[in-house]
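Chain A is already provided as a structure; the job is to place chain B on it using the hints.
Protein chains: 2
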Amino acid sequence: MKIITEPTRIDWETISERPTQAINNIEGLVNEVFEQVKKEGDAAVSKFTEQFDKVELDAFLVADNAIEKACQRVSEALKKAITLAAANIEIFHNAQKTEKVTVETTQGVKCWQEKRPISSIGLYIPGGTAPLFSTVLMLAIPAKLAGCKEIVLCSPPNANGNINAAILYAAKLCGVTKVYKVGGIQAVAAMTFGTESIPKVSKIFGPGNQFVTLAKQLATKFGVAIDMPAGPSELLVFADKSANAAFVASDLLSQAEHGVDSQVILISTSKEMVKNVALEIQNQLSVLPRKEIASEAILNSKLIYVPTNKEALELINEYAPEHFIVCAEEERFFIENIENAGSVFIGNYTPESAGDYASGTNHTLPTNGFSKAYSGVNLDSFLKSITFQKISKIGLQNIGGAIEIMAEAEGLQAHKNAVSIRLKEIRN
Amino acid sequence: MKIITEPTRIDWETISERPTQAINNIEGLVNEVFEQVKKEGDAAVSKFTEQFDKVELDAFLVADNAIEKACQRVSEALKKAITLAAANIEIFHNAQKTEKVTVETTQGVKCWQEKRPISSIGLYIPGGTAPLFSTVLMLAIPAKLAGCKEIVLCSPPNANGNINAAILYAAKLCGVTKVYKVGGIQAVAAMTFGTESIPKVSKIFGPGNQFVTLAKQLATKFGVAIDMPAGPSELLVFADKSANAAFVASDLLSQAEHGVDSQVILISTSKEMVKNVALEIQNQLSVLPRKEIASEAILNSKLIYVPTNKEALELINEYAPEHFIVCAEEERFFIENIENAGSVFIGNYTPESAGDYASGTNHTLPTNGFSKAYSGVNLDSFLKSITFQKISKIGLQNIGGAIEIMAEAEGLQAHKNAVSIRLKEIRN
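Here the protein sequences line up with chains A and B, keeping their order.
Residue numbers for the first sequence follow the working numbering, beginning at 1 and rising by one.
Residue numbers for the second sequence follow the working numbering, beginning at 1 and rising by one.
Extracted from the complex, chain A is given alone in its bound form (with noise of 0.2 Å):
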């Protein structure tokens, strides 16, 4: 833990710092398997799988009796979780829904916009450690109300060439309409072009290590969407002396447990707080399964004292953090003024983790000061809008005039005539 009193305005640069992420050394390999799975399909996919997740796979398609049985397998405490959590999101992404807007924007100028789905969406989720059936209610379920025809999830297998029976529920019970056994670069080479047994789709989204993080990037040079570029795991918590040490302790681990590079943030106008939010990260870490990735990140961890509220808003905004905790007398300060975060815990009795599963937000959100200019994954982010116009023939004769004079001004005769053609018919 660094702890880091007063800092100036010069240290901010380097307390927004994210740990750097060498990408460029496995560049070549992601590109390589892009290029073997656009020209050779399945079969590159195949042959990736056996490489990267050691396991040979007769179809990676998950058949509708596998799902139902790895149904069976999951207990019936989880199911009612997550039945539980599902209907949190569901509403508040339901609440999401926008309507029409129409506008005349001058008399015969009718102007609308409106939402459509994404026809064709991907889905991936990571293996490993941590299952993540979380995530796939985070992103199947806003799919499904957005309207998405084709909801695709793929998941690496696992050494038995299985997929977690609580990720096969969580897509069962959100609608997913297919489930492939595939993982990696590889997963995502094969949402992008589409192979003989896996769809092209128009939109990838979801976690993964940097391996799938450089291969959406690459994705979007072939036309397919992504969610957002993503990065390690962040909290930042702002704490001054209401709040209550061990919660905010138990709040930095639970974040500092997801990877040695998960960033994790304290910043309070309490030297007292942070006093004793040290001291109780020790007690509490000791106790902790994943101790060993969770002492490397506090290691990185920085503990701020700031003199004012206003100060630590301003260092905050700055930071841009995708958690943000907020545990203050004075909050409506702090929500009424943050400009730059994924998603926003207020109070005592918010823990980041309620996020992350139940409350109902989206836990897909932007890292690495990404919130200056992105949205956390929410309803919009399966849809797209579209603009509508309709004229008549006095709407034609408002705004005509001006549209030959910028067109002429433009330079661009051809745009003047479509309209010259028209007001002289209707003047004739």
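These are computed hints drawn from the structure, not numbers from a lab.
In this text the structure is predicted, and so the values were computed from the model without any measurement.
Even for Gly, the Cβ is constructed at its ideal location relative to N, Cα and C.
Possibly wrong hints are sitting among the right ones.
Said to hold, decoys possible - Which residues of chain A face chain B? A few of them, derived with a C-beta cut under 8 Å, are: (1) I4; (2) K100; (3) V103; (4) I118; (5) G161; (6) E352; (7) G360; (8) A373; (9) S392; (10) K393; (11) I403; (12) A407; (13) A418.
Positioned in the frame of chain A, the structure of chain B alone reads:
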């Protein structure tokens, strides 16, 4: 012109293909400019401006008095036209404002979503033969409405070291905060990294040639967001026998004059209409000032007869046009069922150039089939949504158990602890 009659579904893929753009051979140059601008700042920007724009500048920033003087050179007629267009664009984008979304997902669990402006944005406006002051309106007006604090505009200087007067007039009218005489790759690099005189921004908007397009794509690797991937402009017209062949031809030509790689497609359920539009194109083409560009684009154009509206619609959704004009008796069928398009122009008196300039809709739209996943620029392009949650003791009691079970099932004990430690305190 290629006239295609009743294409089969196998032909659709070829019909939907855009001209391939070779970009690999300029990647080295783009990387090199980025590296140098990152390292040397203004000095590198100066060097590349001399090299590519053939002009030496004392300063990149356009001074206020230079903007004032330029404004005086814009004709009153053009000012009036720009003012009319700006008013319509403002009305339509202002109508896109949304309210805060608030829901209590479970008793005691309050979640809401609020939008906040992207603080600092950059607009790229190309120079060259067509001074696109209309694009200034399309980007700066919604940016200002969204509340972006810093709106930076970069545009290449001409041989005399100046920017077109109408561009400066539009920038002043719409509240652009700073205008810089910098173009090409070096402009995008400067807004990505920041230099001594040009600020770093969080998101870059605007069209450009293949150098600018590739530079914007590279900017995303350095954490800067972009509006969307760009490609040559496109128009697809659906016209049944009720359409006016001369009007349709004028629209196709207005698209064709943009560049030799512009995409122009007619789909019709009337063989007579296909024939008449082909004739009208030849008639109108001969008198255009940009006829050399337009005729080359027209060479690659496709006039397609299909027997039914249903088949037409399916092909249009597969093509996913940037601009879609529909002149049809059954226009409602197309309006209701169009899935993929940037902007839709309805009826005989709605030329595409209306949307380019003055109807109020935005003209920065997804090309190259990207309307399958991307929206055109709209008010939300300048905002990001942040989610908030505030949970009471009762709320945490209601959802805490579910979080504990899910966190444990994902192997994330510290996530569970953050809830358990609070529930324990509540019970005591």
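Next on the checklist: Of the numbered hints stated earlier in the document, which are not met by this structure?
Outcome noted: Violated hints: 1, 2, 5; rest satisfied.
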